[in-house]
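If you read the sequences in order, they're chains A and B. Numbered by the numbering used here, the letters in the first sequence go through residues 1 to 206 in order. Numbered by the numbering used here, the letters in the second sequence go through residues 1 to 218 in order.
Please note that a few of the clues may not be correct.
Stated by the list, open to error - Ranges of calculated distance between the beta carbons of each label pair, as one might list FRET restraints:
id, chain 1, residue 1, chain 2, residue 2, range
1, A, Glu180, B, Met168, 35 to 43 Å
2, A, Pro25, B, Pro84, 52 to 60 Å
3, A, Glu62, B, Ile172, 50 to 58 Å
Unchecked claim - To give a feel for the contact side, a few chain B residues facing chain A, derived at Cβ under 7 Å:
id, residue
4, Arg7
5, Arg14
6, Asp74
7, Gly75
8, Leu79
9, Glu88
10, Gln183
11, Gly184
12, Leu185
13, Arg218
As the list claims (entries may be wrong) - A few chain B positions that, by computed beta-carbon distances, are all more than 12 Å from chain A:
id, residue
14, Leu62
15, Ala81
16, Val107
FYI, nobody ran anything at the bench for these hints, they're computed from the structure. All of these numbers come straight from a predicted model, not from anything done at the bench. We treat Cβ as the ideally placed atom computed from N, Cα and C, and that holds for glycine.
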Amino acid sequence: MRVQDLTVARAGIAVLEGVSFALAPGAALVLRGPNGIGKTTLLRTLAGLQPALAGKVEVGPEAVAYAAHADGIKTVLSVRENLAFWASAYGGGDVDSALAAMNLQALADRRAANLSAGQKRRLGLARLLVTGRPIWVMDEPTVSLDTASVALFAGILRGHLATGGSALIATHIDLGLEAEVLDLTPYKARAPQMGGRIGAFDEAFE
Amino acid sequence: MKALLIRDMRLAMRAGGGFGLGLAFFLLVAVIVPLGVGPEQAVLGRIAPGILWVGALLSCLLSLDRIFALDFEDGSLDLLATSPMPLEGVVAVKSAAHWLVTGLPLVVVSPILGLLLNLAPEGYVWLLASLGLGTPALSVIGSFGAALTVGLKRGGLLMSLLVLPLYMPTLIFGAEVVKRGAQGLAVATPLALLAAITAGSLALLPFAAAAAIRVNLR
Numbered sequence: 001m002r003v004q005d006l007t008v009a010r011a012g013i014a015v016l017e018g019v020s021f022a023l024a025p026g027a028a029l030v031l032r033g034p035n036g037i038g039k040t041t042l043l044r045t046l047a048g049l050q051p052a053l054a055g056k057v058e059v060g061p062e063a064v065a066y067a068a069h070a071d072g073i074k075t076v077l078s079v080r081e082n083l084a085f086w087a088s089a090y091g092g093g094d095v096d097s098a099l100a101a102m103n104l105q106a107l108a109d110r111r112a113a114n115l116s117a118g119q120k121r122r123l124g125l126a127r128l129l130v131t132g133r134p135i136w137v138m139d140e141p142t143v144s145l146d147t148a149s150v151a152l153f154a155g156i157l158r159g160h161l162a163t164g165g166s167a168l169i170a171t172h173i174d175l176g177l178e179a180e181v182l183d184l185t186p187y188k189a190r191a192p193q194m195g196g197r198i199g200a201f202d203e204a205f206e
Numbered sequence: 001m002k003a004l005l006i007r008d009m010r011l012a013m014r015a016g017g018g019f020g021l022g023l024a025f026f027l028l029v030a031v032i033v034p035l036g037v038g039p040e041q042a043v044l045g046r047i048a049p050g051i052l053w054v055g056a057l058l059s060c061l062l063s064l065d066r067i068f069a070l071d072f073e074d075g076s077l078d079l080l081a082t083s084p085m086p087l088e089g090v091v092a093v094k095s096a097a098h099w100l101v102t103g104l105p106l107v108v109v110s111p112i113l114g115l116l117l118n119l120a121p122e123g124y125v126w127l128l129a130s131l132g133l134g135t136p137a138l139s140v141i142g143s144f145g146a147a148l149t150v151g152l153k154r155g156g157l158l159m160s161l162l163v164l165p166l167y168m169p170t171l172i173f174g175a176e177v178v179k180r181g182a183q184g185l186a187v188a189t190p191l192a193l194l195a196a197i198t199a200g201s202l203a204l205l206p207f208a209a210a211a212a213i214r215v216n217l218r
């Protein structure tokens with residue numbers, strides 16, 4: 001994945017501009033920056049959920065697996081049914097090994113409504129394993145995980161990187177990975193009055 | 001695609017799903033109307049086609065806001081949009097699931113309700129035919145309305161206002177088919193127009209709905 005001079009906008013207002021980085025297979029990149037700097041917006045843009053205001057994202061087709069704040073879990077389905085749906089939606093990953101990897105076997109037949117927040121998050125992360133996609137784009141993946149689960153997840157992440165995958169992680173905690181850190185603070189977009197870019201929605205008010 | 005259809009139907013059937021809501025409403029309408037109008041069979045027989053179609057339409061409308069709103073709230077819609085399935089296909093499959101759990105049961109029970117409303121015997125075939133042809137359009141048009149309002153808090157009212165005018169042609173031609181059928185008149189013209197509306201909606205609206213969702217997800 002290669003990103004060049006990317007400007008991303010939230011609600012039509014540029015929040016980050018001139019972001020450039022490259023992510024090689026086997027590498028991880030950790031995004032940091034204060035709350036509200038635009039980490040989620042950047043990740044959503046890279047996942048293809050919203051267009052960039054300017055700049056280029058070079059990424060293979062269907063290479064990105066996106067894990068957002070919300071895990072997309074249906075509470076009336078069981079843990080296994082939830083995961084099996086995403087596995088077949090993405091072309092059939094191995095549900096059982098994903099359950100085992102995230103330590104969810106004992107909960108496999110439990111309704112997702114009865115999971116704790118951390119267990120739900122583990123289910124959300126297990127979804128990444130069944131997508132079979134090489135680039136994992138993750139937004140605060142460790143929220144509500146306990147220390148043991150964070151270590152478990154870091155191990156899975158290391159395995160993913162070792163097999164040629166890559167990861168882009170917005171996180172504030174140290175996962176113990178050999179990862180480059182990109183601080184987004186210098187890329188904060190300037191206000192239009194200061195010579196910054198005018199967002200797409202502002203054109204009507206010029 | 002098949003997995004999504006199965007998941008949506010399973011969600012509808014489980015506790016708290018939408019299955020039965022529309023059906024119960026349809027039953028209530030057909031039971032209440034004779035009580036309100038009075039027991040004159042000639043009057044009931046005359047208004048039966050219209051009542052049955054209006055009832056079917058409103059029952060469909062009841063469950064529309066669930067089509068995308070629930071997936072939007074729990075984040076599934078983001079993940080579906082980034083999955084290998086084209087969003088147009090997602091919309092088509094979700095409309096199909098909505099029809100299977102809402103429209104199809106209405107079609108199946110409609111003859112019984114026709115009996116309650118003293119529909120003329122010649123009308124039953126056309127009641128089944130017109131609802132069978134027309135309710136898929138209700139689901140697809142409804143998905144489009146739901147896609148336009150996804151992400152709005154309490155978007156249900158706005159969605160109803162958007163969708164109801166689009167439902168009018170289906171309602172008019174659908175009820176006309178039953179009315180003419182019950183009177184023993186030719187039904188070919190309204191039936192063809194009803195089928196044309198359904199075919200056109202099925203062909204075009206998934207694309208429009210997918211475009212609306214893409215904008216709403218930004």
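Outcome of the hint check:
1. A:Glu180 / B:Met168: 35 to 43 Å: violated, 59 Å
2. A:Pro25 / B:Pro84: 52 to 60 Å: violated, 20 Å
3. A:Glu62 / B:Ile172: 50 to 58 Å: Taking Cβ atoms as reference, Glu62 of chain A and Ile172 of chain B lie about 44 Å apart, which means the hint is violated.
4. Arg7: holds, 5 Å
5. Arg14: OK, holds: Arg14 of chain B within 7 Å of chain A, min 4 Å.
6. Asp74: It holds, given that the least Cβ distance between Asp74 of chain B and chain A is near 6 Å, below 7 Å.
7. Gly75: Result: holds, 3 Å to nearest chain A Cβ.
8. Leu79: holds, 4 Å
9. Glu88: violated, 15 Å
10. Gln183: violated, 46 Å
11. Gly184: At about 48 Å, which exceeds the 7 Å cut-off, the nearest Cβ of chain A leaves the hint on Gly184 of chain B violated.
12. Leu185: It is violated, given that the least Cβ distance between Leu185 of chain B and chain A is near 48 Å, above 7 Å.
13. Arg218: holds, 4 Å
14. Leu62: holds, 19 Å
15. Ala81: The claim breaks: Ala81 of chain B does not keep its Cβ more than 12 Å from every Cβ of chain A (closest is about 6 Å).
16. Val107: holds, 26 Å
Consistency with the previously given hints fails for numbers 1, 2, 3, 9, 10, 11, 12, 15, ordered from lowest to highest.
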